[in-house]
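S.K.: The lines below spell out each chain.
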Amino acid sequence: MSTTAKTVEAAVNREYEWGFVTDIEADAIAPGLNEDIIRLISSKKNEPEFMLEWRLRAYRHWVKMDKGAGEPRWANVTHPPIDYQSIVYYSAPKQNTAPGSLEEVDPKLLQTFEKLGIPLGEQKRLTGVAVDAVFDSVSVATTFKGKLAELGIIFCSFSEAVQNHPDLIEKYLGSVVPYTDNFFASLNSAVFTDGSFCYIPKGVRCPMELSTYFRINAAGSGQFERTLIVADEGSYVSYLEGCTAPMRDENQLHAAVVELVALENAQIKYATIQNWYAGDQEGRGGIYNFVTKRGKCVGRRSKISWTQVETGSAITWKYPSVILQGDDSVGEFYSVALVNNYQQADTGTKMIHIGKNTRSTILSKGISAGHGNNTYRGLVKVLPRAEHARNRTQCDSLLLGDRCGAHTTPYIEVANPTASVEHEASTAKISEDQLFYCKQRGISAENAVSMIVNGFCKDVFKNLPMEFAVEASKLLGVSLEGGVG
Amino acid sequence: MLSIRSLHAGVEGREILRGIDLEVKAGEVHAVMGPNGSGKSTLAQVLAGHPAYAVTAGEVRYDGQNLLELSPEDRARAGVFLAFQYPVEIPGVSTAQFLKAAINEIRTRQGQEELDAIEFLALLREKLALVEMDQSFISRAVNEGFSGGEKKRNEILQLAVLKPKLAILDETDSGLDIDALRIVAHGVDALRTPDNAMILVTHYQRLLNYITPDYVHVLFNGRIVKSGGKELALELEAKGYDWIKDEVGAVEPLGAA
Numbered sequence: 001m002s003t004t005a006k007t008v009e010a011a012v013n014r015e016y017e018w019g020f021v022t023d024i025e026a027d028a029i030a031p032g033l034n035e036d037i038i039r040l041i042s043s044k045k046n047e048p049e050f051m052l053e054w055r056l057r058a059y060r061h062w063v064k065m066d067k068g069a070g071e072p073r074w075a076n077v078t079h080p081p082i083d084y085q086s087i088v089y090y091s092a093p094k095q096n097t098a099p100g101s102l103e104e105v106d107p108k109l110l111q112t113f114e115k116l117g118i119p120l121g122e123q124k125r126l127t128g129v130a131v132d133a134v135f136d137s138v139s140v141a142t143t144f145k146g147k148l149a150e151l152g153i154i155f156c157s158f159s160e161a162v163q164n165h166p167d168l169i170e171k172y173l174g175s176v177v178p179y180t181d182n183f184f185a186s187l188n189s190a191v192f193t194d195g196s197f198c199y200i201p202k203g204v205r206c207p208m209e210l211s212t213y214f215r216i217n218a219a220g221s222g223q224f225e226r227t228l229i230v231a232d233e234g235s236y237v238s239y240l241e242g243c244t245a246p247m248r249d250e251n252q253l254h255a256a257v258v259e260l261v262a263l264e265n266a267q268i269k270y271a272t273i274q275n276w277y278a279g280d281q282e283g284r285g286g287i288y289n290f291v292t293k294r295g296k297c298v299g300r301r302s303k304i305s306w307t308q309v310e311t312g313s314a315i316t317w318k319y320p321s322v323i324l325q326g327d328d329s330v331g332e333f334y335s336v337a338l339v340n341n342y343q344q345a346d347t348g349t350k351m352i353h354i355g356k357n358t359r360s361t362i363l364s365k366g367i368s369a370g371h372g373n374n375t376y377r378g379l380v381k382v383l384p385r386a387e388h389a390r391n392r393t394q395c396d397s398l399l400l401g402d403r404c405g406a407h408t409t410p411y412i413e414v415a416n417p418t419a420s421v422e423h424e425a426s427t428a429k430i431s432e433d434q435l436f437y438c439k440q441r442g443i444s445a446e447n448a449v450s451m452i453v454n455g456f457c458k459d460v461f462k463n464l465p466m467e468f469a470v471e472a473s474k475l476l477g478v479s480l481e482g483g484v485g
Numbered sequence: 001m002l003s004i005r006s007l008h009a010g011v012e013g014r015e016i017l018r019g020i021d022l023e024v025k026a027g028e029v030h031a032v033m034g035p036n037g038s039g040k041s042t043l044a045q046v047l048a049g050h051p052a053y054a055v056t057a058g059e060v061r062y063d064g065q066n067l068l069e070l071s072p073e074d075r076a077r078a079g080v081f082l083a084f085q086y087p088v089e090i091p092g093v094s095t096a097q098f099l100k101a102a103i104n105e106i107r108t109r110q111g112q113e114e115l116d117a118i119e120f121l122a123l124l125r126e127k128l129a130l131v132e133m134d135q136s137f138i139s140r141a142v143n144e145g146f147s148g149g150e151k152k153r154n155e156i157l158q159l160a161v162l163k164p165k166l167a168i169l170d171e172t173d174s175g176l177d178i179d180a181l182r183i184v185a186h187g188v189d190a191l192r193t194p195d196n197a198m199i200l201v202t203h204y205q206r207l208l209n210y211i212t213p214d215y216v217h218v219l220f221n222g223r224i225v226k227s228g229g230k231e232l233a234l235e236l237e238a239k240g241y242d243w244i245k246d247e248v249g250a251v252e253p254l255g256a257a
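Just so you know, the protein sequences line up as chains W and U, in that order.
When we follow this note's numbering, the leftmost residue of the first sequence carries the number 1, and every step to the right adds one.
When we follow this note's numbering, the leftmost residue of the second sequence carries the number 1, and every step to the right adds one.
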């Protein structure tokens, strides 16, 4: 093993800090998947008829796919077959009644989130950030709801939105990611249990960051949440999602769907810091993160930006995309994906240019360490009507050690001759000379690696809200600890 | 401060240094000169602890410690600085960020308080003036896209900020035009104190027009074959290295260079 590999290995070994389990009684249903389970989930959530119908249509579609081609096989990832009948599709912390205020929430839940750095109590709340905290299958609390309501902003759990704003849900649910979209999106549509809903009314600039924190706790359960954000004409919202899970030897499935809708002149910034448990150094356990995220720039001059920092999960399979339907609309994708040990990531984006003068930017930074395998997969598609569409794509890979892999698979389909599409890619390694240079200046190998990796990611981090950029940078250092060579 | 005894070292199984002896005291400036391939840069790299070089025999004591037992970072923290012949590029990391990390790790190990951003910037600005660089320099990524002269000035900037006890300058003068050479040389000269020492590794005498060494050593075929005062450098300049080769060759036959 080279010295570089050894130092990187040394730089990469820390415990997953968020791997604890909360001991709380759960209201869980039996494992398995069939129409009765779907009806049970829907009835537990006291859903209107249209929701159940939609779930059942999704389920029937999924069954057809499951019997047919099954899971998508084109991604550059491998895993043993998933037994969908052994998963628990609903697990909620037991509470006597739905909590009306924080005082009624089980203190254990509040402690859990506090331990994760997400205090929900009035005095300790993060300033300037409203949080929806989701624990296993349900949302436990949403902060600053009242303050946001004064501006007409709806920010609540998906379940609440189904009860209180069924018209909005019926109108927009599945409007960006239909239940037929793909295997995991169909599964999610059938069984999703909670998530966040957000509506920003016309002309309103949301004054604080909105955030959802997802926590998987129960063993043997999957997490299937759904997020829907609608930004009405001329509005603006910045949204952040975070996630962690206990350390377990088994693999757990997380199949989420996120839909964003931006009407005329609206802007949505969506950032993810994904830190699901990644499995141990031998690749045991960890979350299968199979997620469909898509935004639709419905109106003219609307804008959707995705920023993701993907450091967790055993397998990441996600392609946050933008459908650029409105003329002059803008789509952006900024991504850092880090794999270490035996993690696998197949991630990227799709930019679908439909309207005239639509613009998209893709900046992807992949870091591979250990035996990690990292694939950027992206589609830039320009439809015939998309006059003067423009795209710029840059994919950079950084390799730490010589047992990891980095791959870039761009797909470009252009059906309009006035379009301009640029693609640039690079691959680099942290060299022995770079490390020696840093060490000769007194900088430890760990700090040198973390400094170089952070430098590599800086153009992505600057798109994150300030406080989260710091968090992301720290997280990168931690995720690198532990298994390179 | 530094005592090298019978040092043998090589790279990839090939012996390059074949018994170096050198004593350097605080306040002294030593010039190590010699033709290409004589082992000058190897000596510099070995003292800094480059992992590609293996020490096969001999010892190096620095400030009472066995230098060869220390990791490269611990040597740096103990005050050993190498100005690289080929400074390395670190994309995405600004010179300011890099140097702040360096000085604070060194200070922490030496039991001093870390400098905060304001103190550090003040220090950096002061030192920038010494090497005649403007402030935009420090927000650029370390050595990335720098000209040869800028890279060398960046080494001297780092030297000035980190204030090591023992500075080894590896061919810092090579590839510089006359203005850059003057700036670099004045920078180095300004950093001489009675408490620190410098080893200037150089092929040419011209750097020594600006920095007067106390001792000049001629390295040839992995050994110091001649030592003297500053006049030795002038003699070398006038007569070339062939004179040394002839003189040494007369004493013992040369091995493969």
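The hints are simulated quantities; they were obtained by calculation from the structure and are not laboratory data.
Glycine residues also receive a C-beta, built at the ideal position from the N, C-alpha and C atoms.
Worth double-checking, as some hints may not be accurate.
To be verified - Derived lysine-lysine pairs resembling DSSO-like cross-links, with alpha carbons at most 30 Å apart:
#: 1; chain 1: W; residue 1: Lys429; chain 2: U; residue 2: Lys25
#: 2; chain 1: U; residue 1: Lys151; chain 2: W; residue 2: Lys458
#: 3; chain 1: W; residue 1: Lys64; chain 2: W; residue 2: Lys147
#: 4; chain 1: W; residue 1: Lys429; chain 2: W; residue 2: Lys356
#: 5; chain 1: U; residue 1: Lys25; chain 2: U; residue 2: Lys163
#: 6; chain 1: W; residue 1: Lys462; chain 2: U; residue 2: Lys25
#: 7; chain 1: W; residue 1: Lys350; chain 2: W; residue 2: Lys458
#: 8; chain 1: U; residue 1: Lys151; chain 2: U; residue 2: Lys163
#: 9; chain 1: U; residue 1: Lys245; chain 2: U; residue 2: Lys163
Unchecked claim - Computed, partial: chain U to chain W, Cβ under 7 Å:
#: 10; residue: Ala48
#: 11; residue: Ala76
#: 12; residue: Ala78
#: 13; residue: Leu82
#: 14; residue: Val88
#: 15; residue: Ile90
#: 16; residue: Val93
#: 17; residue: Ala96
#: 18; residue: Glu105
#: 19; residue: Arg107
#: 20; residue: Gly111
#: 21; residue: Leu115
S.K.: Of the numbered hints stated previously, which ones are contradicted by the structure, given in increasing order?
M.R.: Those not satisfied are hints 1, 3, 4, 6, 9, 12, 17, 19, 20 and 21.
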